Structures are given as C-alpha cells and as structure tokens.
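2 protein chains.
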Amino acid sequence: MRVALDAMGGDSAPDAPIRAALAALSDAPESLTVLLVGDPVRLQEPVRSSGYPPERLRIVPARQSIGMDEPPVAAVRRKPENSITVGLRLQREGKADAFVSAGSTGAVLAASLFVLGRLPGVDRPAVGALFPTALRPVLVLDVGANIDCRPAHLHQFAHLGSIYARDLRGLETPRVGLLNVGEEAEKGDDLVAATYELLRGDPGLSFIGNVEGHRIIEGMCDVLVCDGFVGNVLLKFYESMAGFIVGLLHRREGGLESGEVERMLDYTEYGGAPLLGVDGVVVLCHGSSPPRAIRNALRVAVDSVRAGMVSDLGRDLEELSRRTGGGTT
Amino acid sequence: MRVALDAMGGDSAPDAPIRAALAALSDAPESLTVLLVGDPVRLQEPVRSSGYPPERLRIVPARQSIGMDEPPVAAVRRKPENSITVGLRLQREGKADAFVSAGSTGAVLAASLFVLGRLPGVDRPAVGALFPTALRPVLVLDVGANIDCRPAHLHQFAHLGSIYARDLRGLETPRVGLLNVGEEAEKGDDLVAATYELLRGDPGLSFIGNVEGHRIIEGMCDVLVCDGFVGNVLLKFYESMAGFIVGLLHRREGGLESGEVERMLDYTEYGGAPLLGVDGVVVLCHGSSPPRAIRNALRVAVDSVRAGMVSDLGRDLEELSRRTGGGTT
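Residue numbers (our numbering), protein chains in the order written: chain A, -10 to 318; chain B, -10 to 318.
Worth double-checking, as some hints may not be accurate.
[What the hints assert, rightly or not] Here are the simulated lysine-lysine pairs, DSS-like style, with alpha carbons at most 27 angstroms apart: (1) B:K176 x A:K68; (2) A:K176 x B:K68; (3) B:K225 x A:K176; (4) B:K225 x B:K176; (5) A:K225 x A:K176; (6) B:K84 x B:K68; (7) A:K68 x A:K84; (8) A:K225 x B:K176; (9) A:K225 x B:K225.
[What the hints assert, rightly or not] Computed footprint of chain B on chain A, listed as stretches where at least three residues anywhere in the stretch have a Cβ under 8 angstroms from a Cβ of chain B: (10) 25 to 35; (11) 84 to 98; (12) 152 to 158; (13) 200 to 213; (14) 228 to 237; (15) 271 to 280.
Treat the hints as calculated values from the structure; they're not laboratory data.
Keep in mind it's a predicted model, so treat the numbers as computed, not measured.
In this text, a Cβ means the ideal position worked out from N, Cα and C, and glycines have one as well.
Construct the complete structure from the given sequences, taking the supplied hints into account.
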C-alpha cells in the first residue's frame, strides 16, 4: 500500500505532513509506504533522521508548489511540476494507491479532474466532510466543490456518499438525508424538491427524507446531501463554532464555568425575529419559546415602534427602488 | 404603545405568552399595553388574577387558532378569525402598534402579507435573526421566508437589515456582509456574484464584502445577507448546536470536564475529506491541519484503498447512470 502525501501542502508544510507521515508509519507497521512529494532539499534531512528505510518512507521530488491563495486552475496549468499534480500522477501511473493533501482545495480538485478524471457516471465529483454529532458522524456532501448543482448531481452525491459510508464505515445500508428547510416533501427550492423525488424513487438508496438544520447534530442519518454552497458554509461554520467553544473552555484552567458558554450561546437573549418589509411591526418567536424569549420579542416590538422603524424602512426602500429602477418581480 | 400578542401561538400557549406579557408589563410600567389575542375562555382567569387593569392588559377575542403543522396559506384562508390574522388586523385598523407571535412562522408570513401588505420598494419581506457571536450579535437575513432569491432581493435585504440595525441597535453605519464560500468578489454562485456587485456599488450601504462560514462567529459584520434557504439551515443548526452544548454542560452538576465537549467537537478526529467521484483515491485536509489531522487523512486513504472504494463507486455510479439515462451536463 503506497500513499502519496503532498509534503508542500498546508500552512505548516513540510513540517506537519512529515510528522503525520511518521505517525502513520508507526500506526501501520510494514504494510504502508508513504511517498513524500515535494522539495527534496527540505525533505531529505527529516526523512534520513527518521530512520525509516526507502520501502517505508521515500521522497518523490516536485520542483514546484502551489500557494493557498493562487487561482487554482491557472496555477495547476502554469506549474505542471507542482507537488499536487506530481502526487496525483503517481496514482495514474500505478506508482501510488492514494493521494493526501492539506494544500489548496481548489488546486487539488482541478488537478484531480485533470490527472485522474471522473469515474463513469459521475458528472461532478464531490467533497465529503464528516460532521461530529451526538450519535455518530454524518458525511455531508458536497461541502465546496460544486455550486449551482442540478438534481441529478445531488442524486449522484447520495450514491457517492452511500458507497463511501458502506465501504469505509461498514454501514450495510447507510441512511441518506436531504438537507432542507422543512420536513415535508414539497419544502424547499426547486432543486431540493426535484432531488427529493429522485432520492425517494431510488431503490438503491435508504432515503430517510428531508433533514432540517437543527436535526443534523442529532446524527439521524449517515449521509447528508446538499449543494456545495450551503455545505461549505455549514462546514466552515461548524468548525469555527467548535473551535470557538473549545477556545472558551481552555480559557479557564482545568474546568469551566458553564454559565459563561451558556450565556454566550443563548439566542433567547435576543429572542424575537423581526419580519422586515411588511407595512407594520411583526416579530416572530420560536414555537418552543420560553416566556423569557417572548418577553424579549415584546421588547423588540416596542423598540421597533419607538424608533419609527417602519417609516424609516419605507423611505429607504422606496429610495432604493427609485435608484435601481425598481420592480424585480 | 399597544402591542398585540398572539396568545395561542407556540408549543406552550397560552401559558408562555401570558407569562411573557406579565414580565413585559413589569419591565415597562405605564407606557405599555399588551393585547392578548386568543380564546377568551382560556385567557380570562389569568388576566383577571394578574391584577392589571384593562389599560395595561386586555383580551382581544379570536375564535380560531392555527396549529404549527397546518399548511400556512390554506390555514390563514380557511380560518379568517385565527389569532394571527385578528392580531395583525388590529395594527391595520390602528388599534395596535405591533404584533408578536410564537405561532407558525409560515402562517404569520402569509397573514402579514395578506393583512399588512409589503412596504413600497420591497419585493419580498425577509425574516432576520440575531446570531450571538464572539463580539456582538449579527443580524442574519433572510432566515426562512424566501428561497430562490434574485440579486435584487438580496440587495433589498441588505437595506432592510441596515435600517433595522440602525434603528434598533443604534449603529450609525452598520457593516453589511454577504455570506459566501470565499472572500474574493468572483466567488460563489451566480446569485451571490451578482449581489456582490449590487452591494459594492451602493453608496447607501457600508459593504464589507464576502463573509465565509467560519467568520460569522467572529462578529465582523452587523448585517449578514443570504438567501432564505442557507439562512434557515444555518439558523437552525446554530440553535441546535448551542442547545446541544448547553445540554452537555448541564450533564455535569456545577461544572464540566472540558475534554468531553472538546472530544465531541473535534473534527480533526475525522480529519480528511474524501474527494469522491474521481478515478482514484484523493483525501483533502485543511490548510491549517495539525499533524494529527493529516495522519487521520492518511488512515482514511489507506482504508479507502483497502475497501476497494473506487471500483465500488465506479460500479454503482455507472449502474445509476444506466438506470437514469445518464448525462446531465
């Protein structure tokens, strides 16, 4: 088993990839060979001092590398000897079985399409991400490769995710959910409504129906299908929030005053969602609102009236309409 | 100041609305009148025992109410005397200044459009929600009223949100962000790319540019514009995650072992996002991945090869393509 690892990819390259390679080699004695793809000058010394023989850890030279901020497609074209392209080429030539990179996602996508190509039956490859949940992780896809998807694309994502969950996580019939704004079949935009029908009518999937945002964390499905825009926003938001909370927990040595985090995250504090754009003051609360949240909504209503918000909105939007020529519907 | 409150809306109605009304009245002595809209039989006793005179707390009878699961538009039409419609009508007739409801969001939207109508210059009213952040809350809109938006709609949302932030939160020039999958102007789908140009070219807005999912929690803007699909998913996800974490914190009396939450949220545990659908094994990591995350990605790569994932994917997707007539692009 030979895995090519992009030694030049990521903020802490080549240090982090090298340390990861050494850890992986000690995890999997004998059977694994790691091919470090990158600048031999920077890789030679750490590889030699690791003590691993070439059958276990080897350098594959790549003269170029792609920075995180370079435009992906142009960079892949302009630098044919970058570590990503070189690493993927090993796989195409039968010299490696897999490729791992912490480099530019866009560049890895572009180079993968260029060097490896798509599988038959796949219109758009997708990136999946495992979200930790209360139960077991859910594979969300796509999380960034594809925006402006069509129903057939999401249908393919459901299959890609199901096979992955079966092969990698040993789930016989992975439950597939469709991310949506409501549970009913007819909810959502045209994309998800049409996708719902495709998934429901497919005997090759174990489709559990629509999954709303607040049920992701429950872990009710194994694969969650969405277009790459919402998936990307959700993934980044999840990670940032996780990091944010873990950061808060670390602020206090050896423990935490739970009230602090709780106050921070207490959306009932702001309870009351304004409906903006109608000719009046309307404030919405959750169905599950405790009295405190409704009281806060009453306060929002009072403040809105006091501020003369409706006439301010009316003036501003009318002005905008004049300026833009108005009427979009 | 007279605020109509839907006494029949929400899971704990009429108890929660009544308690909220009493709390609001004690917050704002003299100046506030709450009109409880709903079933007089159920409201009479608590109102009387509250001791508030009719100038402060009064019942406005509504013979009907709308359940959380009823189809909103149909329910509003079929029940003209429901508590939402009756409450909104008070505002149209000049008998109330604002309306608050914890009832069905869809029904409140439908009834608001029907009874109050849109402000001039507004094509689509939007629902805003305040997200707690590390700094100060950000008003995200739309969070559910509008799917399939056009750029001009998002442009209007930016104005609705700005005026709200100015009037209600006292911000002279609220900073407006556009939710997107990257920071650069040309990122995202057609909708956000075109919206970006509208917001950037508008001297009436303080536009700070695109905001990615992981920067929401930083509180870098006051108003965050997005279409109702992604906004709704994000809001529900945020709330559920907040609830989930607060629930974890409460599991332990008087304190918390921070390691528990940390492990739960540690996405590096699953480090390694598979790129699915290309003809090979490719695993992506964050640019900021620590060695541990890259090591886990290497494990995912090894497992993928061992499981024969690529040929399984190829077989399955080819079969799907045959079944569906293939070729969507």
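Status of each hint after checking the structure:
1. B:K176 x A:K68: Holds, at roughly 23 angstroms.
2. A:K176 x B:K68: With Cα atoms ~23 angstroms apart, A:K176 and B:K68 stay inside 27 angstroms; holds.
3. B:K225 x A:K176: holds, 15 angstroms
4. B:K225 x B:K176: holds, 25 angstroms
5. A:K225 x A:K176: holds, 25 angstroms
6. B:K84 x B:K68: holds, 21 angstroms
7. A:K68 x A:K84: holds, 21 angstroms
8. A:K225 x B:K176: holds, 15 angstroms
9. A:K225 x B:K225: holds, 15 angstroms
10. 25 to 35: It is violated, with 0 qualifying residues against the three required.
11. 84 to 98: Our answer is that it holds, as 11 residues pass the Cβ test (under 8 angstroms) against chain B, meeting three.
12. 152 to 158: holds (count 5)
13. 200 to 213: That given contact holds, which follows from 7 residues of the stretch 200 to 213 of chain A lying within Cβ reach (below 8 angstroms) of chain B.
14. 228 to 237: Held - the stretch 228 to 237 of chain A has 7 residues with a Cβ nearer than 8 angstroms to chain B, which meets the minimum of three.
15. 271 to 280: holds (count 10)
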